[in-house]
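Following the hints, complete the assembly by docking chain B onto the known chain A.
Each protein sequence line maps, in turn, to chains A and B.
Quick note: to get this note's numbering, add 5 to the position in the first sequence (first position is 1).
Quick note: to get this note's numbering, add 5 to the position in the second sequence (first position is 1).
Treat the hints as calculated values from the structure; they're not laboratory data.
These numbers were taken from a predicted model, which means no experiment stands behind them.
Check before you lean on any hint, since a few could be wrong.
No copy is singled out in the list; a pair is fine if it fits within one copy or between any two copies.
To be verified - Calculated lysine to any residue pairs in the SDA-like style (CA-CA distance at most 20 Å, straight line):
| hint | residue 1 | residue 2 |
| --- | --- | --- |
| 1 | Lys372 | His348 |
| 2 | Lys154 | Gln321 |
| 3 | Lys318 | Tyr57 |
| 4 | Lys318 | Leu245 |
| 5 | Lys102 | Pro176 |
| 6 | Lys235 | Asp177 |
| 7 | Lys154 | Asp180 |
| 8 | Lys235 | Gly36 |
| 9 | Lys277 | Gly63 |
| 10 | Lys240 | Val366 |
| 11 | Lys274 | Glu233 |
| 12 | Lys102 | Lys143 |
| 13 | Lys318 | Thr31 |
| 14 | Lys102 | Asp180 |
What follows is the residue order along each chain.
Protein chains: 2
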Amino acid sequence: MPPKTADNDLADPPITPATTEPAGMTYAGSGVDIDAGDESARRIVAHMRRTYGPRVLGRDGAFAGCFRLDFNERLFKRNYRDPVLVACTDGVGTKVKLAIQLGVHDTIGQDCVAMNVNDLIVQGAEPLLFLDYIGTHKVNPANIEHIVKGVADGCELAGCALLGGETAEMPDIYDKDEYDLAGFAVGVVELSRVVDGTRVEEGDVILGLESDGVHSNGFSLIRAILREAKLDLKKTYDALETEQTLGQVLLTPTRIYAKQVVSLLRKYKVKKVVSGMSHITGGGLVDNLPRALGPDLNAKINTKAWTVPPIFKFLQQHGRVEDAEMWRVFNMGIGYCVIVRPHFAESAARHLERKGERVHVIGKVTKGNGRVVMS
Amino acid sequence: MPPKTADNDLADPPITPATTEPAGMTYAGSGVDIDAGDESARRIVAHMRRTYGPRVLGRDGAFAGCFRLDFNERLFKRNYRDPVLVACTDGVGTKVKLAIQLGVHDTIGQDCVAMNVNDLIVQGAEPLLFLDYIGTHKVNPANIEHIVKGVADGCELAGCALLGGETAEMPDIYDKDEYDLAGFAVGVVELSRVVDGTRVEEGDVILGLESDGVHSNGFSLIRAILREAKLDLKKTYDALETEQTLGQVLLTPTRIYAKQVVSLLRKYKVKKVVSGMSHITGGGLVDNLPRALGPDLNAKINTKAWTVPPIFKFLQQHGRVEDAEMWRVFNMGIGYCVIVRPHFAESAARHLERKGERVHVIGKVTKGNGRVVMS
Numbered sequence: 006m007p008p009k010t011a012d013n014d015l016a017d018p019p020i021t022p023a024t025t026e027p028a029g030m031t032y033a034g035s036g037v038d039i040d041a042g043d044e045s046a047r048r049i050v051a052h053m054r055r056t057y058g059p060r061v062l063g064r065d066g067a068f069a070g071c072f073r074l075d076f077n078e079r080l081f082k083r084n085y086r087d088p089v090l091v092a093c094t095d096g097v098g099t100k101v102k103l104a105i106q107l108g109v110h111d112t113i114g115q116d117c118v119a120m121n122v123n124d125l126i127v128q129g130a131e132p133l134l135f136l137d138y139i140g141t142h143k144v145n146p147a148n149i150e151h152i153v154k155g156v157a158d159g160c161e162l163a164g165c166a167l168l169g170g171e172t173a174e175m176p177d178i179y180d181k182d183e184y185d186l187a188g189f190a191v192g193v194v195e196l197s198r199v200v201d202g203t204r205v206e207e208g209d210v211i212l213g214l215e216s217d218g219v220h221s222n223g224f225s226l227i228r229a230i231l232r233e234a235k236l237d238l239k240k241t242y243d244a245l246e247t248e249q250t251l252g253q254v255l256l257t258p259t260r261i262y263a264k265q266v267v268s269l270l271r272k273y274k275v276k277k278v279v280s281g282m283s284h285i286t287g288g289g290l291v292d293n294l295p296r297a298l299g300p301d302l303n304a305k306i307n308t309k310a311w312t313v314p315p316i317f318k319f320l321q322q323h324g325r326v327e328d329a330e331m332w333r334v335f336n337m338g339i340g341y342c343v344i345v346r347p348h349f350a351e352s353a354a355r356h357l358e359r360k361g362e363r364v365h366v367i368g369k370v371t372k373g374n375g376r377v378v379m380s
Numbered sequence: 006m007p008p009k010t011a012d013n014d015l016a017d018p019p020i021t022p023a024t025t026e027p028a029g030m031t032y033a034g035s036g037v038d039i040d041a042g043d044e045s046a047r048r049i050v051a052h053m054r055r056t057y058g059p060r061v062l063g064r065d066g067a068f069a070g071c072f073r074l075d076f077n078e079r080l081f082k083r084n085y086r087d088p089v090l091v092a093c094t095d096g097v098g099t100k101v102k103l104a105i106q107l108g109v110h111d112t113i114g115q116d117c118v119a120m121n122v123n124d125l126i127v128q129g130a131e132p133l134l135f136l137d138y139i140g141t142h143k144v145n146p147a148n149i150e151h152i153v154k155g156v157a158d159g160c161e162l163a164g165c166a167l168l169g170g171e172t173a174e175m176p177d178i179y180d181k182d183e184y185d186l187a188g189f190a191v192g193v194v195e196l197s198r199v200v201d202g203t204r205v206e207e208g209d210v211i212l213g214l215e216s217d218g219v220h221s222n223g224f225s226l227i228r229a230i231l232r233e234a235k236l237d238l239k240k241t242y243d244a245l246e247t248e249q250t251l252g253q254v255l256l257t258p259t260r261i262y263a264k265q266v267v268s269l270l271r272k273y274k275v276k277k278v279v280s281g282m283s284h285i286t287g288g289g290l291v292d293n294l295p296r297a298l299g300p301d302l303n304a305k306i307n308t309k310a311w312t313v314p315p316i317f318k319f320l321q322q323h324g325r326v327e328d329a330e331m332w333r334v335f336n337m338g339i340g341y342c343v344i345v346r347p348h349f350a351e352s353a354a355r356h357l358e359r360k361g362e363r364v365h366v367i368g369k370v371t372k373g374n375g376r377v378v379m380s
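Okay, chain A solo, but in the shape it has when bound:
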């Protein structure tokens, strides 16, 4: 792949003797458009820059991005005694297919950031940096810019730097106009403050933070339902209780909980108020909440504690999807869970609400065998 340098000028390679034979084969002739790659790289730079804080070092054209972990300058002082790096990778699944179908490429990047940073913060980490990987049929500089704009938007929402990325033109892997988008996030947490779920106790309260719709999961099922029920993405439906089209509702970017959750974790400097957390992705509450629990505890969830948003009922009805399947595939309105000591449940919920979250007490931790019990 051509390096993402601003300067891709050719130097002085050896000259081939003039020949009357037909011109030889070239890299460009084999389908890779280096100029489009360069234009795409130029368009991306401004979006990356707006995510940079003073901790980002380095220069354009570097082989890798540099991020200063400790930072001693007065205004931005950060120091770690025993820092633990937390890293994860995720894509956006077939939601990307819907973005392609609708020709809307500037929000899928936020989904990509969200899927990663929401996983990071589960361990108690503060997101530091992000990188994106786009594999595509042909580099369309305008589309690539839209995709990266969304990634940069997500990074701003999450408070992390978009430190780099790669756009790979692979016409033999991706069909015309198609692409895949994956992301990588790194965060940091003090060793003594890693949230690893071993702290969760019987009696802890489970706070559910509302999602912004289906987020980035279940799109293979969603797209099957769209086909089977012959639904029109460009139409509005009364059952959705919104003026948005079905396509707009489904493409709503995944909510990013990072700044709010990091703020909550910082609020309780000494006491370990937050005992566990869970990002509700594929598998829903039933598969993801147990990941925050020990094997001898259950999460008892009161499904009437919040209102399942219309989009889920709409999909269930049109796909005649069974309840159990809905709860295993979708977030059903709760995108992130924070498990707290009962004494602090009220103040933690209020703090998250002040930061913009819609919070519900959705259940509590009981003795059990590592499962979710719904009622």
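Just chain B now, kept in the frame of chain A:
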């Protein structure tokens, strides 16, 4: 995507009343095979574990991988005063297509690690951790295991931990039996020891470290040449001067220079002997060496200082590719460059040779305008 947990048991979701209607739609029915995903995750775990050192924390089923940056235990003591995180992402380009064509999936992972860690070390960083992203048509657990085995092999060679990964089943994006592979690496370097190229001076010596063939670049052109010249991947060719088939020669995994280069950087604790480095990827020496230079310097390269390996001559001949194009697309036998102060050129070269590298003095730094001049 289903989370990579060992335990994907279903909990007790609400029961749907019995119905005589035809069965509703399901996630599995929409083409996503959760069981294959689980089997794949189980097969991967052992490969990940063998890359773990004592700095990896955490447990299976966690949302993100944890890596302890500072490490105070006697045997593995590592401490950083002002640590800079270095991060990058890259894929393997259309080399993956050749792996698919040959049905050989267990070395492409090393390519993926190499493309990333060789970029990291250019900044002076020591690789710490790696994550892989595989997008695929259908999860074939055996193939996924082979791919991840190669990634783990690469991580062992580079001395970093395979901290996590994602396998995304996307039948509507990837064609039958196809996949894409991208990786992401994080390293660390002391702020005072970042190699950023501003140190390179007139008179510095350029050491070229031999490549292991074409590495992971130029495969769109290579595959075009294979088609045009009707070459047979399963055949041996005299011109290749090896008993390996053409397919084996082309699939040879990208050399990983990490441990050797990190060792060299550690050797000179006080003096800054290494002034710049360059990973020779797409763009060849002509595009990649200038990334290590200031704008007022040239790299003067003596192309007779090493022998261009047979595979490059073979490709050039069969594709009637012009010299200039060859030098811009391929590494031509030099996969990594280390720029050193002239006084230390001999000892640096010897150190790298003791670590297993084949090293050539390929040129020197002169006054100029940020270009490569070949003779």
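Those earlier numbered hints the structure runs against, lowest number first: 2, 3, 7, 10, 11
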